[in-house]
Amino acid sequence: MSDDLILDEKRAVTRKLISLRYSSNNPAFDISATLDEHVERIALADFFNGPAAAWLRDTTRWEWQSMDHTELLGIETLRDLGRVCFTHIALKPLQTVPGITT
Amino acid sequence: MSLRALRSLVLILSLVSPAVAQDTKPKPFDVSFGPQDNGTFGAVLKGSQYKSLRRSPSSQQSGQLVSLFAGVEVDGSWNSAQDAHNNVSLALRPSIALQTITPKTIDGQVVPTTAGPWLHAFVDARQRFGDLDATLRVNQLILGGGLELRFVKFAKWYSDAADIGREDNPPMVAIGYYGVLRNHGGEALPEDIKADALQARFSTKMTLPVCTKEKRTVAPSPNDAFGGEETVYNCPWGFAGEIIGTKLTTGPDQNVDFKVDVGVFYDTGGKFKPMLRYRTGEEHGLEYDKQFILGLLLQLPI
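These protein sequence lines are chains U and Y, in that order.
To convert, note that position 80 of the first sequence is 79 in numbering that gives the first Met the number 0; the numbers rise steadily by one, no gaps.
To convert, note that position 256 of the second sequence is 255 in numbering that gives the first Met the number 0; the numbers rise steadily by one, no gaps.
There could be a bad hint or two in this list.
[Claimed, not checked] Straight-line Cα separation of at most 25 Å, BS3-like style, residue types lysine-lysine; simulated pairs:
#1 Y:Lys204 x Y:Lys152
#2 Y:Lys214 x U:Lys15
#3 U:Lys15 x U:Lys91
#4 U:Lys15 x Y:Lys103
#5 Y:Lys270 x Y:Lys204
#6 Y:Lys45 x Y:Lys204
#7 Y:Lys50 x Y:Lys204
#8 Y:Lys155 x Y:Lys214
#9 Y:Lys152 x U:Lys15
#10 Y:Lys212 x Y:Lys270
#11 U:Lys91 x U:Lys9
#12 U:Lys9 x Y:Lys103
#13 Y:Lys258 x Y:Lys45
#14 Y:Lys152 x Y:Lys103
#15 Y:Lys155 x U:Lys15
[Unchecked claim] Chain Y regions said to be covered by chain U (calculated; three or more residues, Cβ under 8 Å):
#16 92-101
#17 166-178
[Unchecked claim] Residues of chain U placed beyond 10 Å of chain Y at every Cβ, according to the derived structure:
#18 Leu4
#19 Trp61
#20 Gln64
#21 Ala89
#22 Lys91
#23 Pro92
#24 Leu93
Hints listed in this document are in silico derivations from the structure and should not be mistaken for laboratory results.
Here the structure is a predicted model, which is why all the values come from computation and not from measurement.
For each residue, glycine too, the CB sits at the ideal point set by N, CA and C.
In isolation and in its complexed conformation, chain U is listed as follows (with noise of 0.2 Å):
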């Protein structure tokens, strides 16, 4: 698969994660009001590495990287999250068949 389709599937999984917390596609969607708070901040941080992660482990050959409450501070936008949240997706480690080596 060519890199620039891994990409666009990279960028796709991002969007997806995102809606599943904020519904609009509008990409300048404006979120800061919604992440100016300690407690909105720690609660999105602990759905992304909780059940959002679990979700994109069980279902996609993505995985989640931990992100910390404090890279959440300064979003505005849902452009602006999806950058931070981009940068915590990665392609999973390829599996090795037992018994077969190359």
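Use these hints to put chain Y onto chain U, whose structure you have.
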């Protein structure tokens, strides 16, 4: 610096162009200051800073997701008048939050969704200092706890109904009980300063639907998950309000006291936001001078 010079400085600062360099990270502490209607100068300091206590949250796909965290809060006001009731409080708050994880079927797949935390429970250990008059000063340790209900569905509804291109903070109701553990003011302190109290607070911060829209295209970047097309909303007017009702559960004063702090602000996009702020009332025995400030809201780089 004379009061006239201060007023000139405030006027000059209010003309600062919104195109000044923005620091987009919200600051945990902010101060508003300016001339007051009684000819004196006033300032209000308010804010908080928190840390998560949990490294690995539950991976549950439905039900209530629990978050554990703790933080510090500060709230103070100052007035240049000689008989002013200046005061400040510092609080430590271990907390727990709940958010509902709702499974939904989207594009034929069941996915976990959330609308954000709807409940926030906390313990509050607070040290407060205040001037009752020119000779009497309060120094107390107060312990309490409470529940905060956040109307997350209203915030989503308002976002769609008002077409403001954003989701605001949900309005919330907080109910708490506070008991005074220690007093350092001697027997001269009034009974309502030393009494235990039941407190309810309603607070909201809303974007007013006075907006302009602009469609534009953003240049692509490697880490960008979205396409280039977007619609930008500009809604600079906002309203913030807080009403606190306090009923003492011990002592002779059985009235319910209210403290009101409301304001309308205009977000220029810079560090200074012109605002009209009104603050008055009484909370747990401490009286707040009536402050009607037309000035600037400045977020501190703390």
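To see whether the hints hold, each was checked on the structure:
1. Y:Lys204 x Y:Lys152: holds, 15 Å
2. Y:Lys214 x U:Lys15: holds, 23 Å
3. U:Lys15 x U:Lys91: holds, 17 Å
4. U:Lys15 x Y:Lys103: holds, 13 Å
5. Y:Lys270 x Y:Lys204: The given pair, whose Cα atoms are some 18 Å apart, holds under the 25 Å limit.
6. Y:Lys45 x Y:Lys204: holds, 15 Å
7. Y:Lys50 x Y:Lys204: holds, 23 Å
8. Y:Lys155 x Y:Lys214: holds, 23 Å
9. Y:Lys152 x U:Lys15: holds, 21 Å
10. Y:Lys212 x Y:Lys270: holds, 23 Å
11. U:Lys91 x U:Lys9: Given pair lysine 91 of chain U, lysine 9 of chain U holds - Cα atoms ~12 Å apart, limit 25 Å.
12. U:Lys9 x Y:Lys103: holds, 22 Å
13. Y:Lys258 x Y:Lys45: Holds, at roughly 15 Å.
14. Y:Lys152 x Y:Lys103: holds, 16 Å
15. Y:Lys155 x U:Lys15: Roughly 19 Å separates the two Cα atoms, so the pair holds.
16. 92-101: n = 4 at 8 Å, threshold three: holds.
17. 166-178: Answer holds; 3 residues pass the 8 Å Cβ test.
18. Leu4: holds, 15 Å
19. Trp61: holds, 12 Å
20. Gln64: Answer for glutamine 64 of chain U: holds, closest chain Y Cβ roughly 13 Å.
21. Ala89: Non-interface label stands for alanine 89 of chain U: nearest chain Y Cβ at 13 Å, farther than 10 Å.
22. Lys91: Non-interface label stands for lysine 91 of chain U: nearest chain Y Cβ at 16 Å, farther than 10 Å.
23. Pro92: holds, 19 Å
24. Leu93: holds, 23 Å
Consistency note: the structure conflicts with none of the earlier hints.
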